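Engineer: Sequence:
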Amino acid sequence: MIALSTSPVARQGIDAAIDAALARLDRRVAERGDGARALASAIRHAAEGGKRFRPLLVVAAFDTLGGPDIARPALFEVAAAFELLHTAFVVHDDVIDHDVERRGMPNVAGEFRQRGVSKGADAAGAALLGDAAAILAGDLLLHEAGRLVALAEIPAPIRAELLGLVDDAVLVSAAGELSDVENAVSADAVDAETILRTTHDKTAVYSFSAPLEAGAVMAGADAPLRHALDRFGQRLGLGYQLVDDLIGAFGTAAAAGKDEGCDLREAKQTHLISLARESDSWPEVSQALAQAHTGPVAVRAAQVALSASGARARLEELVRETLDEARGIAAASTLPPACQAMLLDLVDAVQGRMP
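According to full-length UniProt numbering, the sequence shown is numbered sequentially starting from 1.
No lab work stands behind these hints, which were simulated from the structure alone.
All of these numbers come straight from a predicted model, not from anything done at the bench.
The reader is advised that the hints may include incorrect statements.
Said to hold, decoys possible - Derived Cβ-Cβ restraints for the label pairs, each shown as a range:
| id | residue 1 | residue 2 | range |
| --- | --- | --- | --- |
| 1 | G328 | R300 | 49 to 57 Å |
| 2 | V304 | P8 | 40 to 48 Å |
| 3 | A313 | Q287 | 33 to 41 Å |
| 4 | V304 | D69 | 32 to 40 Å |
| 5 | L171 | R300 | 13 to 21 Å |
| 6 | E31 | P337 | 48 to 56 Å |
| 7 | S307 | G33 | 21 to 29 Å |
| 8 | A150 | G257 | 18 to 26 Å |
| 9 | R103 | V185 | 21 to 29 Å |
| 10 | V185 | P157 | 49 to 57 Å |
| 11 | D345 | R72 | 54 to 62 Å |
To be verified - DSBU-like, lysine-lysine: derived pairs with alpha carbons at most 35 Å apart:
| id | residue 1 | residue 2 |
| --- | --- | --- |
| 12 | K51 | K268 |
| 13 | K268 | K258 |
| 14 | K258 | K119 |
| 15 | K51 | K258 |
Glycine included, every Cβ here is placed at the ideal spot set by N, Cα and C.
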């Protein structure tokens with residue numbers, strides 16, 4: 001995830017709000033048995049670390065739009081909700097992908113698989129326990145994200161606006177994730193437009209447009225400014241995810257957070273693959289992709305085939321076009337100069353991630 005320059009006070013406020021939510025969970029499960037306590041511990045591990053970009057984006061929008069100081073305590077709770085929302089999606093996504101590690105450490109499912117083994121479960125039983133724990137952990141995090149917004153000390157009309165943003169973020173992201181799985185299991189070729197819409201829905205709303213708009217709502221921004229931030233976030237979010245597709249195919253293991261060429265190894269149906277399918281070189285690319293799961297040499301062959309087909313260059317051009325659209329939206333808006341500068345810095349940071 002890209003970094004966002006904000007004050008140490010903002011990070012401290014967000015961290016404190018997240019810690020308070022997790023501490024509340026710890027207290028509530030204290031008398032619910034060892035399993036519930038272990039689940040709360042695993043949730044805390046899942047929520048730890050990271051750049052906490054999404055909540056910082058809420059605060060950055062609020063600050064650069066001149067939000068009132070009186071709203072700042074509630075601001076951190078609203079911002080924290082977007083981090084817990086992200087953590088919930090990550091935990092559930094790992095279940096969908098059958099992953100038991102994240103960044104080289106056991107995730108919620110991985111922790112509870114180990115717990116199952118320690119209790120004498122066989123492989124199937126341990127897997128069942130791990131998946132169940134991860135689903136329930138994500139459910140609790142989703143609930144807590146909504147709860148933070150619902151109980152924040154803010155006027156009722158603002159709360160209603162914020163809950164609408166969270167509602168849309170959950171709905172669009174769920175639809176995008178489902179579409180992504182459907183695309184992966186489909187026996188027929190999926191058209192490029194469908195894959196591009198899926199790419200957008202998985203990330204753009206909950207990671208970019210919703211946090212930006214939430215900060216604007218807390219700052220009391222008017223409808224035109226909110227609309228500009230929404231449009232900007234939609235384009236930036238799509239550009240970000242398309243860059244992620246490039247990283248998943250061509251980036252280093254450090255950038256991807258998994259083995260190099262992880263998307264090729266896992267045969268993910270990204271927009272990069274849909275572009276390759278449109279090329280005359282698709283038979284050669286398809287053959288190379290079919291072997292990518294076998295190891296680094298085959299991954300490299302698939303990377304070469306994708307580049308030779310022109311798909312990589314076409315995707316890179318689409319990224320540049322999408323990010324230029326985001327720049328144009330920011331520049332043409334009536335947003336304050338400080339907010340425009342923050343948005344343009346974000347675009348540069350996303351473009352700088354391209355492998």
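Engineer: For each hint, tell me whether it holds in the structure or not.
Structural biologist: Now for the hints, and whether the structure bears them out:
no. : hint                    : in the structure
1   : G328 - R300: 49 to 57 Å : violated, 37 Å
2   : V304 - P8: 40 to 48 Å   : holds, 45 Å
3   : A313 - Q287: 33 to 41 Å : violated, 21 Å
4   : V304 - D69: 32 to 40 Å  : violated, 56 Å
5   : L171 - R300: 13 to 21 Å : violated, 40 Å
6   : E31 - P337: 48 to 56 Å  : holds, 54 Å
7   : S307 - G33: 21 to 29 Å  : violated, 54 Å
8   : A150 - G257: 18 to 26 Å : violated, 32 Å
9   : R103 - V185: 21 to 29 Å : holds, 27 Å
10  : V185 - P157: 49 to 57 Å : violated, 43 Å
11  : D345 - R72: 54 to 62 Å  : violated, 22 Å
12  : K51 - K268              : holds, 26 Å
13  : K268 - K258             : holds, 14 Å
14  : K258 - K119             : holds, 30 Å
15  : K51 - K258              : holds, 18 Å
Violated hints, listed in ascending order, are 1, 3, 4, 5, 7, 8, 10, 11; each of the other numbered hints is respected by the structure.
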